[in-house]
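Start from the sequences, fold in the hints, and give me the full structure.
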Amino acid sequence: MSTDTEGESLARREPDTARPEPERPYGYVVGSAPDGVERELSHDEFDPVGTLTLIFAYFVILVVMWVFMYFVEFLGRGLTVVG
Amino acid sequence: MEIHAYEKLWLGAALLLIVGFIGTVAFGAVGAGVDMIDDDGGTVDPGALDQHPKFGDPGVYQSGPNEYDVYVVAQQFQFQPGTAEAIEVPVDSTVTFHVTSADVIHGFEVVGTNANTMAIPGQVSTFTVETDEVRDHGIVCNEYCGSAHHAMEGTVKVVPDDEFNATDGGA
Amino acid sequence: MATFVDRYPEEASVVKACLTVAFVSLGIGAFFGLVQALHRTGVVRLFSSVDYYTVLTAHGVLLALVFTIFFLLGLFTWAITRSLERPLPNIRLTWAWVGLAQAGTVATAAAILAGFVPDIGVSADVLFTFYAPMKAHPLFYAGLAMFIVGTWLAGADWFLAYREWRKDNPDERIPLQTFMVLTTMLMWYLATIGVAVEVVVFLLPWSFGIVETVNPLLTRTLFWFFGHPVVYFWLMPAYLMWYTILPKLAGGRLFSDPLARVVFVLFLLLSTPVGIHHQYLDPGIAEGFKFIAMTNTMFLLLPSLLTAFTVVASMEHGARQRGGEGRLRWLGALPWRDPAFTGMALAGLMFAAGGFSGMINAGMNINYLIHNTLWVPGHFHLTVGTAVALTMMAGSYWLVPQLTGRKLYSRPIGLAQVVLWFVGMVFMSNAMHRAGLAGVPRRTAEPQYNSFDFTTTMGSIEELQLQIAVGGTLLFVSVVLFSFNMLASAIEDPVETPVDDRLPAPLSGADGSPRVLDNLRLWTAIAVVLVVLAYTLPLASIVQDAGLFGNVPGVPMLIGNFVESLAGVIA
Numbered sequence: 001m002s003t004d005t006e007g008e009s010l011a012r013r014e015p016d017t018a019r020p021e022p023e024r025p026y027g028y029v030v031g032s033a034p035d036g037v038e039r040e041l042s043h044d045e046f047d048p049v050g051t052l053t054l055i056f057a058y059f060v061i062l063v064v065m066w067v068f069m070y071f072v073e074f075l076g077r078g079l080t081v082v083g
Numbered sequence: 001m002e003i004h005a006y007e008k009l010w011l012g013a014a015l016l017l018i019v020g021f022i023g024t025v026a027f028g029a030v031g032a033g034v035d036m037i038d039d040d041g042g043t044v045d046p047g048a049l050d051q052h053p054k055f056g057d058p059g060v061y062q063s064g065p066n067e068y069d070v071y072v073v074a075q076q077f078q079f080q081p082g083t084a085e086a087i088e089v090p091v092d093s094t095v096t097f098h099v100t101s102a103d104v105i106h107g108f109e110v111v112g113t114n115a116n117t118m119a120i121p122g123q124v125s126t127f128t129v130e131t132d133e134v135r136d137h138g139i140v141c142n143e144y145c146g147s148a149h150h151a152m153e154g155t156v157k158v159v160p161d162d163e164f165n166a167t168d169g170g171a
Numbered sequence: 001m002a003t004f005v006d007r008y009p010e011e012a013s014v015v016k017a018c019l020t021v022a023f024v025s026l027g028i029g030a031f032f033g034l035v036q037a038l039h040r041t042g043v044v045r046l047f048s049s050v051d052y053y054t055v056l057t058a059h060g061v062l063l064a065l066v067f068t069i070f071f072l073l074g075l076f077t078w079a080i081t082r083s084l085e086r087p088l089p090n091i092r093l094t095w096a097w098v099g100l101a102q103a104g105t106v107a108t109a110a111a112i113l114a115g116f117v118p119d120i121g122v123s124a125d126v127l128f129t130f131y132a133p134m135k136a137h138p139l140f141y142a143g144l145a146m147f148i149v150g151t152w153l154a155g156a157d158w159f160l161a162y163r164e165w166r167k168d169n170p171d172e173r174i175p176l177q178t179f180m181v182l183t184t185m186l187m188w189y190l191a192t193i194g195v196a197v198e199v200v201v202f203l204l205p206w207s208f209g210i211v212e213t214v215n216p217l218l219t220r221t222l223f224w225f226f227g228h229p230v231v232y233f234w235l236m237p238a239y240l241m242w243y244t245i246l247p248k249l250a251g252g253r254l255f256s257d258p259l260a261r262v263v264f265v266l267f268l269l270l271s272t273p274v275g276i277h278h279q280y281l282d283p284g285i286a287e288g289f290k291f292i293a294m295t296n297t298m299f300l301l302l303p304s305l306l307t308a309f310t311v312v313a314s315m316e317h318g319a320r321q322r323g324g325e326g327r328l329r330w331l332g333a334l335p336w337r338d339p340a341f342t343g344m345a346l347a348g349l350m351f352a353a354g355g356f357s358g359m360i361n362a363g364m365n366i367n368y369l370i371h372n373t374l375w376v377p378g379h380f381h382l383t384v385g386t387a388v389a390l391t392m393m394a395g396s397y398w399l400v401p402q403l404t405g406r407k408l409y410s411r412p413i414g415l416a417q418v419v420l421w422f423v424g425m426v427f428m429s430n431a432m433h434r435a436g437l438a439g440v441p442r443r444t445a446e447p448q449y450n451s452f453d454f455t456t457t458m459g460s461i462e463e464l465q466l467q468i469a470v471g472g473t474l475l476f477v478s479v480v481l482f483s484f485n486m487l488a489s490a491i492e493d494p495v496e497t498p499v500d501d502r503l504p505a506p507l508s509g510a511d512g513s514p515r516v517l518d519n520l521r522l523w524t525a526i527a528v529v530l531v532v533l534a535y536t537l538p539l540a541s542i543v544q545d546a547g548l549f550g551n552v553p554g555v556p557m558l559i560g561n562f563v564e565s566l567a568g569v570i571a
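Protein chains in written order, with the numbering used here: chain A, 1 to 83; chain B, 1 to 171; chain C, 1 to 571.
It is worth saying that the hints were derived from the structure and are not from the lab. The reader is advised that the hints may include incorrect statements.
Derived contacts from chain C toward chain B, CB cut-off under 7 Å, selection only [to be verified]:
1. S49
2. V50
3. D282
4. A490
No experiment lies behind these values; they were computed from the predicted model shown. Glycine included, C-beta positions come from ideal geometry on N, C-alpha and C.
Below is the structure:
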């Protein structure tokens, strides 16, 4: 995507000595999540099992809510347009 | 192009969801018999509604045994009939509404029900409902139509057969 | 380490000019939002209910059109420049479109706000959908037209930049951010044909009195030809940030570049031939056309559902790189103290909820249940009002330092701001959805009637009103905090590295994906064909029924009208 997108190289994570630490405010800094990286995971080493769990929970919520909204809230109401 | 197995699984589930939604709506149309507002109502000249055989004298018209037509003109900021006098229809009857507008775009929503349509000048919205319960319903204009839009309301009264007086509210 | 402003100072100025307009609009629009929330619910009524509609028009135009689109103009300028790694080809053209879009905005805003002073005789209380035959002052339409042309020129500028890059890089894949910008703009060119024809051919001549009448169904249909894809024009900047910035903020990498491309192509193809789903309850359009629009709309869920997976997986990747474990415990390893991350993540969560209410809106016959009720603004305050707006505000915490070379004034205030927005919107939109199910209409100054009461299945109307008022107040406080933080950041001292602006490469890159994905001509051609298929017959039948220019005269939206009309109602 850009200047620092050269492949899978781990070089991106090398300590960035050019960064002027003293100018940084104390505490957490916006955009500094990569500093907390403990390990590099490639595409093949990474199974998004948490994502799968979350997204199927969403799927179930969608189906239940849809059935409720359609068959109870909507078709259960009076004065439905029939012609 | 690597696509993770989980992502393929989700793609399948998403397609299933989409087809399920379309299927439900198709069931509602065919199985449950819910009809859409469409182009059946035809067009009218909004500048000459007073010369229209029905919109010229809007109200409730009996069209058959237990069948009624209700002609409603929406205009800033009232329904005619509906606002000054309630629309009155008998219970257990088939009622076809014909709604148009004399000026800007309005909405015609029987509150808390599925009877809900746009009223567009020049177009007639036609829809049929079955009245199955004696009760009063509110009507609101649910499309912004000008400075007193919030005052545009009305009433539909579903009354017992013996209380129904065909001369009320038109005809 | 230089950041964007050091590498591309001219472009940084352009982006700042766009974001400034966006944030000023956000501030004014949010204030009007607060006024409405308190007015509708009867808590405080600062204005008369007649002026409510002036406030509502300004709220809609300033937030839904000006804030979102000016942010887009800035973001896309940044994204094109950084991802092509070259300055824009002609900075004078760039400033020309900035100026044109700004001038159009000022004209439209002036026409609307003049409505507060009846003596001026200028008014545009027509809401942001400006349905004819409600008629606004010509300045309103002329300003809109200038604004739209400004966006067209912006797109042209970005395409020229891409062409220059292509000359030097004949065989490379289009950089992902550039790909997103270009597909979004192609969608926008196609979509704006509808509103351009509506305004230039019908409404502008009619507001000047050159044409006497309009065909209201035709102008309304042309509006929605544009009015649905415009929601994707709001959403695509958020998607661009979710795909290309959020993974980095989470400490991870984008899960899949090719799928991101597929998603943007699907939006280009399917965003426009769906507008009729806003007209399910319109007379004069056959049911078959409505069913086709619904089918297209439902398939338009696909790119968003795919996005949900890819974006969450990218976040999970970050969490696991940061040491996260377990099926769901990894959520705790995400950088929740970062307002840019947290804001975007919460925005995504709200979008999942908004997705559900959107599915109901899209269902052809179930639309009867909620059409034009408060449910609908409840829905779009989750989508454009949170998924888009909160992502833009959150993204600003990371983006703006790159444009100014100054660090963010306060991270904790930023964090409080995004959380406050989330909480406020939970209250407000939940209550709006439920009030909609009770039949409470949208777009009304006083949803309280003489002849009936609304009944709710759960809770009471008073409780819902309270939630709307409280939620609206929290949202306004959130915008105040945001504006304060941005202003305070602007007067920080410049530093060498105001923010870590590097973006990591995707886990699965573009290289292995089919090259046909980058064939913009092909996708544009298919998109045009789909629009022709979806719209030719409905438009032909609408014109056949009531004529091209119709037979309905205009109704000016002026305050003077009100007194007469009220007298009419009473008499």
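Cut-off 7 Å, beta-carbon criterion: hint that C/D282 touches chain B: Hint on C/D282: holds, closest Cβ of chain B at ~5 Å, below 7 Å.
A closest beta-carbon separation below 7 Å is what the hint needs, so does C/V50 meet it against chain B? holds (4 Å)
Interface hint outcome for C/A490 [beta carbon to chain B under 7 Å]: Nearest chain B Cβ about 38 Å off; hint violated.
Min Cβ distance, C/S49 to chain B: is it shorter than 7 Å? At about 6 Å, which falls below the 7 Å cut-off, the nearest Cβ of chain B leaves the hint on C/S49 intact, so it holds.
Checked against the numbered hints above, the structure breaks only hint 4 and satisfies the rest.
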